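Undergrad: Quick mapping for you: the protein sequence lines, in order, are chains A and B. For the first sequence, UniProt numbering assigns the number 1 to the initial residue and increments by one for each residue that follows. For the second sequence, UniProt numbering assigns the number 1 to the initial residue and increments by one for each residue that follows.
Since the hints were derived computationally from the structure, they do not count as laboratory data. Keep in mind that a hint or two might mislead.
EDC-like mimics (lysine to aspartate or glutamate), calculated; alpha carbons at most 16 Å apart, straight line [unchecked claim]:
{"no.": "1", "chain 1": "A", "residue 1": "Lys165", "chain 2": "A", "residue 2": "Asp155"}
{"no.": "2", "chain 1": "A", "residue 1": "Lys37", "chain 2": "B", "residue 2": "Glu32"}
{"no.": "3", "chain 1": "B", "residue 1": "Lys95", "chain 2": "B", "residue 2": "Glu32"}
{"no.": "4", "chain 1": "A", "residue 1": "Lys80", "chain 2": "B", "residue 2": "Asp19"}
{"no.": "5", "chain 1": "B", "residue 1": "Lys95", "chain 2": "B", "residue 2": "Asp41"}
{"no.": "6", "chain 1": "A", "residue 1": "Lys37", "chain 2": "B", "residue 2": "Asp14"}
{"no.": "7", "chain 1": "A", "residue 1": "Lys80", "chain 2": "B", "residue 2": "Glu17"}
Note that the structure is predicted; figures quoted are calculated from it, not measured.
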Amino acid sequence: MYTYTEFDHDFLATRNAQFRAQVERRLSGALTEDEFKPLRLMNGLYLQLHAYMLRVAIPYGTLSSAQMRKLADVADRWDKGYGHFTTRQNIQFNWPRLRDVPDMLDALAEAGLHAIQTSGNCVRNVTADHFAGAAADEIADPRPVAELLRQWSTDHPEFQFLPRKFKIAITGSPRDRAATRAHDIGLRMVTQQGVPGFEVSVGGGLGRTPFIGQVLTPFLPEADLLPYVEAILSAYNSYGRRDNKYKARIKIMVQELGVDEVRARVDRRFNALRAEWKGADRAILRDLQAEFAPPAFRTTNTGAYDDARQNDPVFRSWTETNLHPHRAAGYAIVTVSLKAHGATPGDATATQMRTLADLAESYGHSELRISHEQNVILPHVHKSDLPALHARLRAEGLATANIGLISDIIACPGMDYCALATARSIPVAQDIAQHFAARELDIGAMKIKISGCINACGHHHLGHIGILGLDRAGVENYQITLGGDATEAAALGQRTGPGFAHDQVIPALDRLMNAYLALRDGPSETFIDTLRRLGHAPFKAALYERDEDARAA
Amino acid sequence: MSRQFTPSVLTANDLLEGDVIYLDPADRWVRELDRARLFTDARAAAEALDMAEGQQDRLVGAYLAPAIAAPEGPQPGHFREAFRAQGPSNYAHGKQAQA
Ligand code: SF4
Numbered sequence: 001m002y003t004y005t006e007f008d009h010d011f012l013a014t015r016n017a018q019f020r021a022q023v024e025r026r027l028s029g030a031l032t033e034d035e036f037k038p039l040r041l042m043n044g045l046y047l048q049l050h051a052y053m054l055r056v057a058i059p060y061g062t063l064s065s066a067q068m069r070k071l072a073d074v075a076d077r078w079d080k081g082y083g084h085f086t087t088r089q090n091i092q093f094n095w096p097r098l099r100d101v102p103d104m105l106d107a108l109a110e111a112g113l114h115a116i117q118t119s120g121n122c123v124r125n126v127t128a129d130h131f132a133g134a135a136a137d138e139i140a141d142p143r144p145v146a147e148l149l150r151q152w153s154t155d156h157p158e159f160q161f162l163p164r165k166f167k168i169a170i171t172g173s174p175r176d177r178a179a180t181r182a183h184d185i186g187l188r189m190v191t192q193q194g195v196p197g198f199e200v201s202v203g204g205g206l207g208r209t210p211f212i213g214q215v216l217t218p219f220l221p222e223a224d225l226l227p228y229v230e231a232i233l234s235a236y237n238s239y240g241r242r243d244n245k246y247k248a249r250i251k252i253m254v255q256e257l258g259v260d261e262v263r264a265r266v267d268r269r270f271n272a273l274r275a276e277w278k279g280a281d282r283a284i285l286r287d288l289q290a291e292f293a294p295p296a297f298r299t300t301n302t303g304a305y306d307d308a309r310q311n312d313p314v315f316r317s318w319t320e321t322n323l324h325p326h327r328a329a330g331y332a333i334v335t336v337s338l339k340a341h342g343a344t345p346g347d348a349t350a351t352q353m354r355t356l357a358d359l360a361e362s363y364g365h366s367e368l369r370i371s372h373e374q375n376v377i378l379p380h381v382h383k384s385d386l387p388a389l390h391a392r393l394r395a396e397g398l399a400t401a402n403i404g405l406i407s408d409i410i411a412c413p414g415m416d417y418c419a420l421a422t423a424r425s426i427p428v429a430q431d432i433a434q435h436f437a438a439r440e441l442d443i444g445a446m447k448i449k450i451s452g453c454i455n456a457c458g459h460h461h462l463g464h465i466g467i468l469g470l471d472r473a474g475v476e477n478y479q480i481t482l483g484g485d486a487t488e489a490a491a492l493g494q495r496t497g498p499g500f501a502h503d504q505v506i507p508a509l510d511r512l513m514n515a516y517l518a519l520r521d522g523p524s525e526t527f528i529d530t531l532r533r534l535g536h537a538p539f540k541a542a543l544y545e546r547d548e549d550a551r552a553a
Numbered sequence: 001m002s003r004q005f006t007p008s009v010l011t012a013n014d015l016l017e018g019d020v021i022y023l024d025p026a027d028r029w030v031r032e033l034d035r036a037r038l039f040t041d042a043r044a045a046a047e048a049l050d051m052a053e054g055q056q057d058r059l060v061g062a063y064l065a066p067a068i069a070a071p072e073g074p075q076p077g078h079f080r081e082a083f084r085a086q087g088p089s090n091y092a093h094g095k096q097a098q099a
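Chain A with its partners taken away, still in its complex shape (with noise of 0.2 Å):
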């Protein structure tokens, strides 16, 4: 993992100083608001409806032991002892009091992490695939480019002030768990005759107006990325639409001059540019690669794993939902859902996150993952030490053996809480994840995601079910989509027709199930599938009870 520089640690302590001044400045009277808040969202400090809330970075993901009890801490000091990880793999704190903002900073700054560019019309934190360093699937680690990115964006003159926020996601895997396909500019990792390199993909999007990224290049080698980036960031910059906050996201740059001019202006920048980079880039990407190097593995038998499986039916069916393949032998990829039936979903206590990083040092050299679907990692451990494991996240409430199930829930914060909702996210997934626990197995992999405004930070888009909460005349209202898809097969998905008010989405959520049920071409095909098989008639027909379309079908 990176660890931070003495060049890191005076950086963000001067940063934090400064903070601490401005918010001085505010409370006394001599900033304000409308000075304040540009100041104040550059330190990832919003305001929500009932209190401020802290937004903080957890770059691609990757978190350390020590990192996650800091949160811990943050968490029991200064807010209610609880923290909401997000889909863009960022952790809120949603009771901060203002005054004590900059002591939390400082405490953050001391585990290495911080809050810079978690808002504003800036490089916002990178995202990665949470299984980065260790998937079976995967090319390389991608983290110690999305390290590079992060130093390089971190502060960058000439991008502090783009025309919109910029969102960069990373996978080193061809399997895309990153959504990269969502973002400004996705990254996913391919090889040509051998050679590693990424496809870039541009003008991905959610909110208002989405789009799928389309692909700049099928093949970037590795050591122009940094170059090629800054190109499409700078040839964003000079077209993004400053005039209209609506057209101001790269994706309206793409879609006005269409991929074939973006690239030609990103070409003729990368050109200028590439011979201005003299390779310190380079330089300092090959020495974070041995920061990211991978840690030492054991060799030992698996002999207590099998045994417990063939033992314990509860260790065995988390297993079967919980673990992902490693590569190294023995070893496996461990999720920790927290998305236990009727919780929040992203929600962790204090007490949660100690367990989980006393787990992670025990078990998992000390590492963790954050997902952007709101679950934890246990990115290495040895599948001997997985019944031990599992018996702890038991005694703790984390054992929940969901992931990749219909209660396996994105949510967004919704109007519970965020101060741009139309209505909530959090009592639907509540209600759904109570619903359906006792068929969840039967009705198999599911991706439900849920927004409470068109913002889609919860990637309502992209779920297999999305659901979006509105406020039609001064009630909750929630649409339903289907067929998105977040992988490399990246879909938008499709409005059914009208919404449904709140006591009405469990009731069209079991039409559609049952409609999913009967229709399946045996347990096999997963609701995906029999949705691209039959197409949307059959399953739309169930969901507004039209009886006789969906006999017809």
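Based on the hints, put chain B with the ligand in the right spot on chain A.
TA: Chain B with the ligand in isolation, oriented as in the chain A frame:
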């Protein structure tokens, strides 16, 4: 001609705590919606809003929120205002915890 004025309360977030505050009939900021002054007159409401915008050192983001008259004091006129007056629905935090 001008639209009919929707009865409203004047609300904002407290600068230090960030929590929701309301203007009461004595021009003090209080934390409970049912103690707020209910404006039924557009002009009086606009004047109060002006006054609040001058209190930068005390509050953030003042606005007029729809409310409904009731014997026990103003009630939320929109579900967003109901959540602001009460707190989130997933935990008993916020105002509902202080009640
Ligand atoms: S989708 Fe809307 S409601 Fe949900 S967190 Fe984003 S801005 Fe807030």
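Undergrad: What hints, given by number in increasing order, does this structure fail?
TA: 2 and 5
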